[in-house]
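Undergrad: Each chain is listed here by its residues.
2 protein chains.
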Amino acid sequence: MEQQEEPLGGLSRHDHAEELASPPLSPCEEKSAMMRRSENYLPVPGEEKSLDRDFDDGKGTNESIPMKTLYAGDGSLLHPHLGPHFSDGRRRVDYVLAYSVQKPSSIRRRSSRFAEGNFFRQLRRSLSMRSSRAPLQPKEDPELAAKEQRADYHEDDKRFRREEFEENLRATGLELEKDEGTKIPGVGFLKIHAPWNVLCREAEFMKLKMPTRKDYNVKQGSNVVEKIRLFIHKVTTPLHPDVDTNQPENVKFLSHPFSREKQHLFNLSDRDKFFDTKTRSSIVYEVLKRTRCTREKYAMGITSLLANGVYTSAYPLHDGDIEGANAEPNDRKLLYEEWASYSVFYKYQPIGLIRKYFGEKVGLYFAWLGVYTQMLIPAAIVGVIVFLYGCATVDDNIPSMEICDPRHNITMCPLCDRACSYWKLVTACGTARASHLFDNPATVFFSIFMALWAVLFMEHWKRRQMRLNYAWDLTGFGEEEEDHNRAEYELRVMQKTMKQDQSAPKEEKVKLTCTDRLPAYLTTVVMMGFMVTVTFVIVFGVILYRISIKAALHISSYPTARSNIRATVKGTAAVINLIIIIILDEIYAAIARWLTTLEVPKTDKSFEERLIFKTFILKFVNAFTPIVYLAFFRGRLVGRPGNYLYVVGSYRMEECAHAGCLMELCIQLCITMLGKQLIQNNLFEIGIPKLKKLLAKRKSELEEEELSKTLQRHEKDHFLCPFAGINSEYMEMIIQFGMVTLFVASFPLAPLFALLNNIIEIRLDAKKFVMELRRPIAAKAKDIGIWYNLLRGLSKVAVIVNAFVIAFTSDFIPRLVYQYTYSPDGTLHGFVNHTLSYFNVSDFEPMTDPLEPMHLGHEVIICRYKDYREPPWSSTPYELSKEFWAILAVRLGFVIVFQNVVMLMSDFVDWLIPDIPKDISLQIHKEKILMVELFMKEEQGKRIAARDHHSPDNFNSPSSAPDSHPYPPQPRSRPVNHARAGW
Amino acid sequence: MEQQEEPLGGLSRHDHAEELASPPLSPCEEKSAMMRRSENYLPVPGEEKSLDRDFDDGKGTNESIPMKTLYAGDGSLLHPHLGPHFSDGRRRVDYVLAYSVQKPSSIRRRSSRFAEGNFFRQLRRSLSMRSSRAPLQPKEDPELAAKEQRADYHEDDKRFRREEFEENLRATGLELEKDEGTKIPGVGFLKIHAPWNVLCREAEFMKLKMPTRKDYNVKQGSNVVEKIRLFIHKVTTPLHPDVDTNQPENVKFLSHPFSREKQHLFNLSDRDKFFDTKTRSSIVYEVLKRTRCTREKYAMGITSLLANGVYTSAYPLHDGDIEGANAEPNDRKLLYEEWASYSVFYKYQPIGLIRKYFGEKVGLYFAWLGVYTQMLIPAAIVGVIVFLYGCATVDDNIPSMEICDPRHNITMCPLCDRACSYWKLVTACGTARASHLFDNPATVFFSIFMALWAVLFMEHWKRRQMRLNYAWDLTGFGEEEEDHNRAEYELRVMQKTMKQDQSAPKEEKVKLTCTDRLPAYLTTVVMMGFMVTVTFVIVFGVILYRISIKAALHISSYPTARSNIRATVKGTAAVINLIIIIILDEIYAAIARWLTTLEVPKTDKSFEERLIFKTFILKFVNAFTPIVYLAFFRGRLVGRPGNYLYVVGSYRMEECAHAGCLMELCIQLCITMLGKQLIQNNLFEIGIPKLKKLLAKRKSELEEEELSKTLQRHEKDHFLCPFAGINSEYMEMIIQFGMVTLFVASFPLAPLFALLNNIIEIRLDAKKFVMELRRPIAAKAKDIGIWYNLLRGLSKVAVIVNAFVIAFTSDFIPRLVYQYTYSPDGTLHGFVNHTLSYFNVSDFEPMTDPLEPMHLGHEVIICRYKDYREPPWSSTPYELSKEFWAILAVRLGFVIVFQNVVMLMSDFVDWLIPDIPKDISLQIHKEKILMVELFMKEEQGKRIAARDHHSPDNFNSPSSAPDSHPYPPQPRSRPVNHARAGW
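Line by line, the protein sequences are chains A and B.
Count the first sequence with the numbering used here and you get residues 218 to 1200, in order.
Count the second sequence with the numbering used here and you get residues 218 to 1200, in order.
There may be inaccurate statements among the hints.
Unchecked claim - Listed next, the in silico DSS-like pairs over lysine-lysine satisfying Cα-Cα at most 30 Å (straight line):
#, chain 1, residue 1, chain 2, residue 2
1, A, K1143, B, K999
2, A, K578, B, K713
3, A, K1154, B, K506
4, B, K1145, A, K479
5, B, K999, A, K424
6, A, K444, B, K713
7, A, K424, B, K426
8, B, K713, A, K822
9, A, K822, B, K1145
10, A, K578, B, K1145
Claimed, not checked - Sample of chain A residues facing chain B (criterion: CB under 10 Å; computed from the structure):
#, residue
11, M711
12, P1094
13, E1096
14, S1098
15, W1102
16, A1103
17, A1106
18, V1107
19, R1108
20, N1117
21, S1123
22, D1124
Don't read these hints as lab results, they were simulated from the structure.
A virtual CB, placed ideally from N, CA and C, is assigned to each residue, including glycine.
In isolation and in its complexed conformation, chain A is listed as follows:
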């Protein structure tokens, strides 16, 4: 065994790969594989080289499985090395399974690292992954030897399973070719090719809709509409991506579920291109999913095989290279040039091509992101206008003028106990002016606008989705219920079965019940509650930080520190919040995934849903708790001078600035949005990969370049990260959507920030998909699923939240009430005075009065504070006044009216705009008719033929009606009547 410690090949790349993990995984793969299935993942050192590999290690003598296909006879070597083909250069590689083969024992030694498999290691690793690799911990002990023993047994087992699986695959008609350890040592590849007959059979089974020969003209609307459309199209030509679709724009081929008996309907002139690469790989994947190893005690499907390390990865191949000498034109290159590049940021996305290359699910994500970004443009424009309106009217704003007017000379009560003293209102002038930018009547208009905008966005998306469904021939496609169990689930069922076998008589079918999952559910509930509490505690901690720092700064005698008190405190607190949010976000994502694996969901769909649910709650609470506190709680639980509210001993709760808390809410939102996007997207997603590349390049620049010239497609793709779903991308966008809609009343620039971020985000994601990830298996989807519901829920909540922000956080309602009831001249003159109550300084509790009562230079008898309370000289001093109740009533009334009016308007807009665009529903109808006509013609032809040969009542013998589509024969009378109509 020791001699195998020597590297197998002469490539220095090998050494590097060896260090990373065994078998050589790309960095992302390593992480995600561990995250997914640490408990099953035993990366299996092997020593059965003699059994598995009876050929040279050198140039790569590939084991090609002889096949009896229609045309695979002559194996002329067209693309000898680099194309995605078998060694015969003709048969295309549609799918690749990778597995680990015999490796040097230095790797095997490290298997101990994987065996401990618990949550904390995962967490630790997931955190350390971003910065550096965990150091190796070589340790030799007797336990390890036992593990190696077991590992050998496992490797044997795996090889048998592989053999059986490959045999079963061959039985389904697939063609296989093995390629072991040619360039990447320790990794074997099983290349899979689907011959024409398998493709046809499976396409028929999967009811794939394929284009028929029959094409027709897509006419959109009436002449005028068509002209306008053409005009717009001409104007926006530079915005369209330069993607050459061969067929003319207005012609669509009628599509029909593929059927071998109806081959004459389809255009099969070029068999190699009839099924595109995406379709071919998804067909192979379908076969893989169905094929199972049953020879051992427990049947295993491909997911179980992957989870147990029998195969290490499975992926379809990219179309070709993006750059370099041997990059002939291909879809991937086209996507790279016309989509995944910052230089085309202003262009539309080539959604059709994206769908053609990545499948419908990814296509829908980018289409959705595009629609969202597009819809953000008007929102951003209106937001900027609202902001500019605030800027323009800041000098005409009477309340801030009054505050800034030194003649008013209002003495305010101290902001903290003892340390602070009385202060002049005029010192709050700057804050008051700044507050006006975000707290003016235009804000109210803007929140109504944004509520309707959200509805319009949803409607627009629904229509766009329908349009795409039509264009992509998904109209008849019903979401198939996935009945493919997850590997973890199968494992647990297996364990349960084993237990039951020993104890109880056999039942019909073992499945996991609620009782089995109860511990996991309990853990979930407890952990979720704990996490939410942690978030709250942290937010509360930041509040305490703010209070204590403020008091400390007040005590300090540096005048510069004092003058910048508010800004400093606000700024640092927001940054602290931001950092905590970003850190917790990562932790929560890991915890949500861990909790979901604990629950052992049955199917991938269920897993996804549970995971999304948890992640959404945690991330949402995390992102919005500080904001909600600022908007609705800050400054409300203050008490009044002489009777302040204290928390944690002697901390007096913080007050808002005179002009309300809106300003601070705005700062917090701004920092959170900008910071989150800058740090999470740009730093994490752009910066770190770049940095990594830079570091990696320095090491092995030359070798890699050379390598990339000689590596085959499947080997190149093996170094890419595996595709991990698009849910994290969606989640990011949903949180952003929440920021844009929920508190938009306080921060009209949010849509602009979101827009700028998304323009980068699109291209960033595109680059990731095209360059850094393995090609995903094309998944069909009609809609964006659960995300739509979340969006809908958010836009509903947004209405209520905005109503409360306007009514309670802003001073909009008090101003309105003052203007129309209390104001003597119908203007806001005197409003500031009206909002301030009187306080007699002799009523301070002992030990809370200011230490320097003469700070302002004169004795203060009455100070003012912001609240609606009775003056000291009334019969009920310091009680809430009638004005308070009146304004409260108006505020609440406003909330009711706003909520219900906006909801009604939303429902009305929803009802007004049909979900299916008129022209699309017409086209769908037309397509149906064309299809019926096509079959009618056929049936008629057949009947005539049949009548010539058989007796008329032949419908009982199946041979006479081989057509699978039961369109009734056209009654003979119709053609006759048409002729007669000409009489």
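Guided by the hints, dock chain B onto chain A, whose structure is given.
TA: For chain B alone, coordinates are given in the frame of chain A:
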């Protein structure tokens, strides 16, 4: 022509029928036919007897069309007269078309009555229809002669069309038999029979799901669940209808779309029963819809033919007689005994049988009605408990105790100007006690309960619907888009085409644009606005009536009148409201129909939707305006003593009784609900038909009895009313649902009343469907369509309305606020005093102070009124007080909290309960697997057979794969592996 005035047959029934209309229509048919299509309806006197009828009038020599079917050779007369068979007694009549043949000119003369055709005649007739027939207006003028000429031409035309249509029908394979004027003179019948091959062909085309031979066990849930289910079933056995379904309960046959090539899958042992009567008739109807007359210039389908009077009616036949000597057991009789009878009111409905007989759409209506009624039981029980709680606590209620306590001795301000005088609060004792019944804390609980009840009802229904969809094999059924144009639409398009032919060059396709419909839309908007205004005006009129009567009664010096003032006024006003509502309901229904016909909707579906929309708005406004006024406006726009609000000159707006308006709202609701249900359902739907029958019986008792013995099935059915859809039934229920949910906070007995009504309603509707209506064409439906959305909308509105009723109409919030803020001892003692403000009588406006200020026996200086205002001695006398604003704020806050909490709870419940019951989704999954297995087996068998005979790569030749269902061949590996697993 004159000699034809003689009656043709010797039956006196004929004379009677002649008087009704021509051709003899049943009463309802006459009405509805006119309502539907007056503009096209020319009931066509004929004189081409010689052309159309070349056989005797006497015994009925039926013209049977010779056919070449498989088994229609021997025409042995099994049921010579009465069964629904052709004259050969074997071929079943699946459908009947009736048309008018030559009639005596006395009838023809009356055609003038139909020619004028405008809305007001319709309206007049529809109103007079309920009471008596419009008198004949025989008038002879030259115009009439010209009309007769035209009529003759029309009759010719019609006969030709009929001939062509029948020829085309025969070409589709249907078999026809004519039966003219045998018993019912002037009416010809075309009996249609669908032979086996037509049935098969059409079933295949319509993709009808038929049961296959394969059956399987339906196991519902786990063992425990199953046991509970069985136990419940056993306990409720007496409640189940005694409908014998031949198959065991737990066995379900796998069903599959019928296909002629797969006949071996289906159990065709009894061909006569494979397609049941409902299916047969709907198949024939499908053929009828497709067949068109094209020989004339404009093609006409069956709807156009019916609308133009070429045929007068079209209907499938009932299964058999209900009672009488020759009533062998049949489904109709079974339905009559086990469903359409008041004696089985406590039983479940035989939904399966209803669906089997009437089709899915009707079945769903009754299933929905059943679920609704069932769900009303808990609501009624809780409602009664809440009411009883009110009764039980009425003596402990402190506010009413205080009011009734003569020691409190509170002097109230006069209730009207001049005529009324001061009064003692103690006189309102009775009202206060009664108010407590409906205004107590339990009411709040009850409205929350009912909001959740509504959600639970919707959820329960969704699940029930899913269950029915599964049981009825509708799971894969997609609502087919109806593209069958309405006759009126086709007529209008025809007219437009004719105009365009003359003026403009031909366009591709003529259709009605918005411009064509603009006048109709304008009319609709104007009329709808007008109708709503009328409703408002009438409600306002009733208010004025109430005010003036009250004042008048106050003036009157009869003490008895005075004491009963309130009760009298309330009672009469509510009754007047009720009568107006009922009258307007009828008028509005007619207007909505008229407006919809004006709009000329394209399809029946669109017609239905538009009609429902209009009817719903009008009926809803009509039913709820008085209630909304009482709940939210009455007593709020009163002003205060010394400054009352006056309307229409000098009417002072009415106040509520001391304990709030809830009492009056309750009375109004009670009278409206009870009255509407009693009068509309029981009087109109039971009473008047009974009365009619009684009257009719006196006339022709003997003859009719004799007639019924000799009449054939299709003749008997001809006398029944045509089926007019179930929308009016739904509408009735929706309005009731509104009553039950919208104002339930004020009237907890509403669910009980609704429950009692519905128990009758179900059987009433059942009787109507089984006995009085022609059999409807079985319509497929997956759900209850638009009604579900209306229910959803209503239950959403109900939350808000109930929130407002509790917050503003009831005294719940003021009591609460008083108890927790103002009350010195935390009880309601002193609450009454707190709600009353003070008024100094010297502040009365001149001429409004009472005429008899000494009415109470002493001089009054300060009187009290119910409001929260400052006392006369405050600095701002009679201003709204702080208490008012505080209470208003709490009220509004309650609305916000209630609305959002209940909505959240509803959404939560909605999310918690899966729409598809677990067991059903399991069953559906199981069915899918069974189906795939079935086909897999078949494909495998075929492949083996094929392998023996052909070369392996034979998939290109269509003959080798005659199977229409592309299930992939089972990979050979699986059975092998199964065998290996046994190693």
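Undergrad: Could you run down the list of hints and mark each one as holding or not?
TA: Verification of the hints:
| no. | hint | in the structure |
| --- | --- | --- |
| 1 | A:K1143 to B:K999 | holds, 25 Å |
| 2 | A:K578 to B:K713 | violated, 47 Å |
| 3 | A:K1154 to B:K506 | holds, 21 Å |
| 4 | B:K1145 to A:K479 | holds, 25 Å |
| 5 | B:K999 to A:K424 | holds, 24 Å |
| 6 | A:K444 to B:K713 | holds, 26 Å |
| 7 | A:K424 to B:K426 | holds, 20 Å |
| 8 | B:K713 to A:K822 | violated, 54 Å |
| 9 | A:K822 to B:K1145 | holds, 19 Å |
| 10 | A:K578 to B:K1145 | holds, 25 Å |
| 11 | M711 | violated, 15 Å |
| 12 | P1094 | violated, 15 Å |
| 13 | E1096 | holds, 9 Å |
| 14 | S1098 | holds, 7 Å |
| 15 | W1102 | holds, 3 Å |
| 16 | A1103 | holds, 4 Å |
| 17 | A1106 | holds, 4 Å |
| 18 | V1107 | holds, 9 Å |
| 19 | R1108 | holds, 8 Å |
| 20 | N1117 | holds, 7 Å |
| 21 | S1123 | violated, 13 Å |
| 22 | D1124 | holds, 9 Å |
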